[in-house]
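> Protein chains in written order, with our numbering: chain A, 1 to 413; chain B, 1001 to 1413; chain C, 2001 to 2147; chain D, 3001 to 3147.
Treat the hints as calculated values from the structure; they're not laboratory data.
Don't be surprised by glycine CBs; every beta carbon is placed ideally from N, CA and C.
Hints may be right or wrong, so weigh each one.
From the structure, some residues in chain C lie toward chain B, with a derived Cβ separation under 7 Å [what the hints assert, rightly or not]:
#1 P2005
#2 A2039
#3 C2040
#4 G2041
#5 G2062
#6 R2063
#7 C2065
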Amino acid sequence: MIDAQWIAARRAEFPFFTDSGQPPPAYLDNAATTLRPRVVATALARACTDLTGNVHRATHHWSEETTMAYEAARAAVARWLGAAEPAEVLFTRNATESLNWVATGWGQARGQPGARVLVTAQEHHSNLLPWRAALQRCGGACLVAGVQPDGRVDPDQWHAALAQQPQVVAFPLVSNVTGIVNPVAEWARAARAAGALVVLDAAQGLIHHPPLALAASDFDFVVGSGHKLFGPPGIGFLWARRAHLNWLPPPLLGGEMVATVTATTAQWSEPPWRFEAGTPNIIGALGFAAALDYLRGLDRDQRTNHLRALTQYAQTALAAEPGVRLVGARPESAGILAFTVEGIHPHDVAQFADAENVAIRAGRLCAQPYIEALGHESLCRASFQVYNDESDIQRLLVGIRRARAFFLAEHKP
Amino acid sequence: MIDAQWIAARRAEFPFFTDSGQPPPAYLDNAATTLRPRVVATALARACTDLTGNVHRATHHWSEETTMAYEAARAAVARWLGAAEPAEVLFTRNATESLNWVATGWGQARGQPGARVLVTAQEHHSNLLPWRAALQRCGGACLVAGVQPDGRVDPDQWHAALAQQPQVVAFPLVSNVTGIVNPVAEWARAARAAGALVVLDAAQGLIHHPPLALAASDFDFVVGSGHKLFGPPGIGFLWARRAHLNWLPPPLLGGEMVATVTATTAQWSEPPWRFEAGTPNIIGALGFAAALDYLRGLDRDQRTNHLRALTQYAQTALAAEPGVRLVGARPESAGILAFTVEGIHPHDVAQFADAENVAIRAGRLCAQPYIEALGHESLCRASFQVYNDESDIQRLLVGIRRARAFFLAEHKP
Amino acid sequence: MTRNPTDLYHSLIRDQACAPRNFGPAPPDWRVFHAENPACGDAFNLALDLDGGRIRAARFNGRGCAVSTAAFSVATELLTGEMLEDWQTRTEAIQRWLAGLTPFHPQWPDALRAFEAVRQFPSRVHCAALPWQALLKPQPGHTEAPS
Amino acid sequence: MTRNPTDLYHSLIRDQACAPRNFGPAPPDWRVFHAENPACGDAFNLALDLDGGRIRAARFNGRGCAVSTAAFSVATELLTGEMLEDWQTRTEAIQRWLAGLTPFHPQWPDALRAFEAVRQFPSRVHCAALPWQALLKPQPGHTEAPS
Ligand SMILES: Cc1ncc(COP(=O)(O)O)c(C=O)c1O
Ligand SMILES: Cc1ncc(COP(=O)(O)O)c(C=O)c1O
């Protein structure tokens, strides 16, 4: 179900393609950051031009309009996530910051000597290091559920760790390395039943996932980044249940987040503003909302089918290619494909791909422990979106072949 | 030296004026956030469209180009500040975050029981609350140098506090309430001579200030926000001497800021990247650089003279207005004028100003202790920029008169 | 700009702001509620003389803009003789009405309609909502911040 | 896209990457330097057999891309017989040259010119610079992070 016409229509919406020559470049680094549709650039410029003044500060009508636009963007994110109310959505700079706020705030408010947090060996560094630091400060311990050779989290290890009654259980929706989709609803149910707070790193894969419907879910905290959802970089979100926002300490102190300041005391504003000290990224928030609008306009089934078909095509094509080994590839992968090329460092593979105008990622992918658990030091990663088609994969294969020809041929004169 | 032609040329550069009818609105809330010239909106849209991929992550040429553009923006800020090298400039979301990073990081790395930090009674909450929190955590004490009735920091109190050997001395370049310009070079020299770290809150007033030439200055940390410099909201900077970046702990942990992650350890990247976890606000950084470009294109003397003349005009006009009292007005004010209208709450004054299409700010101005030290609960504030002229002040006077007519006239039938 | 501030300052609001009813200190045994509007620096105490759950009398004290002053003044009049709990359960709905989200409730007293125009002035909604927010915040009722 | 990766992988680089010189473990008493390129996952040890300040022999060990492997291979050849300090003082300048900021220094050995093309590939500059960065990082030399 790879529909050339549908893809052509998508490409027409992204300046990346309309501004470049033929053949169109193959952007296969979508797991790092997605391309941005024209409507997002327009939304940024319009917000920059039309919104005047700061938010939540002044009586004049320009500031009121800016405030309403900013809060409407928050409401749009909340609606998209299925949150109970907009106040549960905090704007952050990215998923990394969101995770730091949760981990650090939890550690400050609730961390105790002996506290345990369960993560998986699949984590992006951003869902690992903040927890380790918080636990080190409070004298707790990080439990890590290992992975199987196929890249999935080992269910026995995970359940055994859960039986140790961690206070927090954190896991990724989708691995940013292998694209493996975790059984997050099931894990959340089990973790909540075990009395743990449930933290979902939804930075990866949210764009393809069925609605999370957070209000009725078993999650307590969910994080994500606009730049992986067709939005601009520099804006992300932290969703938290209203009740948690009452104990989570504000991460930054200063203007806007404070109600009253005396010589020795201060009283915080209500959530969400308590968590947004200083002048926020108003324009980024509007760009993010515009991206969600765009996303909502694309038929979900069509997106999902396209992605599944293209991923399967890519898995088949790369698996058949001499010297290429897939890593952690599974039928349900969320449009991400990790691989190596025998005898050639991933960085060099990526360089030859780049020469074919193909963008892939190579390296540790901000998930060094996972990659090492899979037996590698670094990997190549191709990741797909609505504007990718089979020719992109074919071009990647050309790059791989050229790299092999260059490095593996008998080359001494 | 209020040059109507020069102002008209400025107004033509700001969509706020070209998109609105006649008479042009009077935007006098520049201390909250400045208007944005068209070139900044263009820069945002262009960055959104032209920059593809993430920074510092991938081998493909799009990511390289994005990285170079982002680092060029950092270099532009560094050049503008007169920093020794771009690596001394960290991109933050705003001045508030910058101050939190310094205060929290200092507290973690160097805070000791009994440690002292000297601030002034003039501080914006953002340069007060982070220090109080850091000192509370380490068991230190906050010294506050009080203000005189004229709004200036009391030099005797300040020097007496400095004699108590604070580890850190923090102060604002310009008061965001009264526009008072502090003798920051002199203070920095004295504080450094006393062995303290010198932190400058340059969020306010930097736009009009002669170059700070930081490399050769006595400052250790300087913070500011793009949105007060014609740039977009959501991007700010923390400048720190290179040596301090080696001991300042990274505020956020995760992707990008880490070099190596093992099962139990992690090694941070070099500054500045160590301080920029996750995907940064790339587009905002480029917008900020575009704003500095715009600013550099405006003759500094002309800007300074314009501002001084307009401020004096406003001070004279408001002082002569029945019922109006200036608060902390001084000849050297950085284009900010605080006042009250007898018998009318500032909020109500601002409402009547708004009805005349005049934006002023009313309230506690995120500096409650200062306002209370001046004997008020809240104030009105008008603040000026290159696109303001005498007619804006006259329109403000109309609003004030209407408010007085409405509230103070005998109104019972 | 078509909004007219004189709409906002409906004659009742102006009257009550310029000559507030039940203004001034209250006896020390009255129950005190507190609310602030950080944006504008308004801070008020609302004191209720309670007889079981019934409000025998109400007074208020503090400083604020015309809208918040009038809102407290009107509130003291409305509350007198009423059950505290009845009004506490109503505060959410009143705030939603002020925010323009829901229509006026037919069972509310007409005097509240004086604040109708506030709905066009988003930054003033807080001012008008202040006494109703206070009702849910008996002293000490704020989140005490750690500094 | 006019950059050609075969420019980057100058024949010397390819040769040295495919058949690196002085590769493998070193005796335990040699002085070890370490460098990593976190973006691509390169990690190398450079071991020097020092006689006072003079480098009697050099070996390297680890894994990385063709550019960094070749850079270490070339470095071991260049360093042999040289004074460590001379090259330590040169590393900044070499990195600046690789970054395209300054021209090639006439006193540097010609073999370094093999990395000329790296200047067109910003994300590979780190790879080529790695051995020179290592020279300033005797083990243990990293900032130990607190977790
Ligand atoms: C003196 C001063 N410090 C700090 C800030 C905080 O700036 P931001 O809101 O950009 O964090 C401001 C802005 O109002 C200010 O005027
Ligand atoms: C699984 C996962 N978590 C967290 C992150 C961090 O996202 P950001 O860089 O937007 O903070 C990423 C992005 O690479 C990711 O893939």
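> Hints first: check each against the structure and report whether it holds.
Status of the hints after comparison with the structure:
A cut of 7 Å between beta carbons decides the hint on C:P2005: the least distance to chain B is about 5 Å, and the hint holds. For the restraint placing C:A2039 at the interface with chain B, the shortest Cβ-Cβ distance is roughly 5 Å, inside the 7 Å limit, so the hint holds. Below 7 Å, beta-carbon pairs count as interface contacts, and C:C2040 has one with chain B at about 4 Å; its hint therefore holds. About 3 Å separates the beta-carbon of C:G2041 from the nearest beta-carbon of chain B, less than 7 Å, and the hint is met.
A least Cβ separation of about 9 Å between C:G2062 and chain B goes past the 7 Å threshold, and the interface hint is therefore violated. For C:R2063, the interface hint holds, the least distance from its beta-carbon to any beta-carbon of chain B being 6 Å, beneath 7 Å. With 7 Å as the threshold, the beta carbon of C:C2065 comes within range of chain B, its nearest partner Cβ sitting at about 4 Å, so the hint holds.
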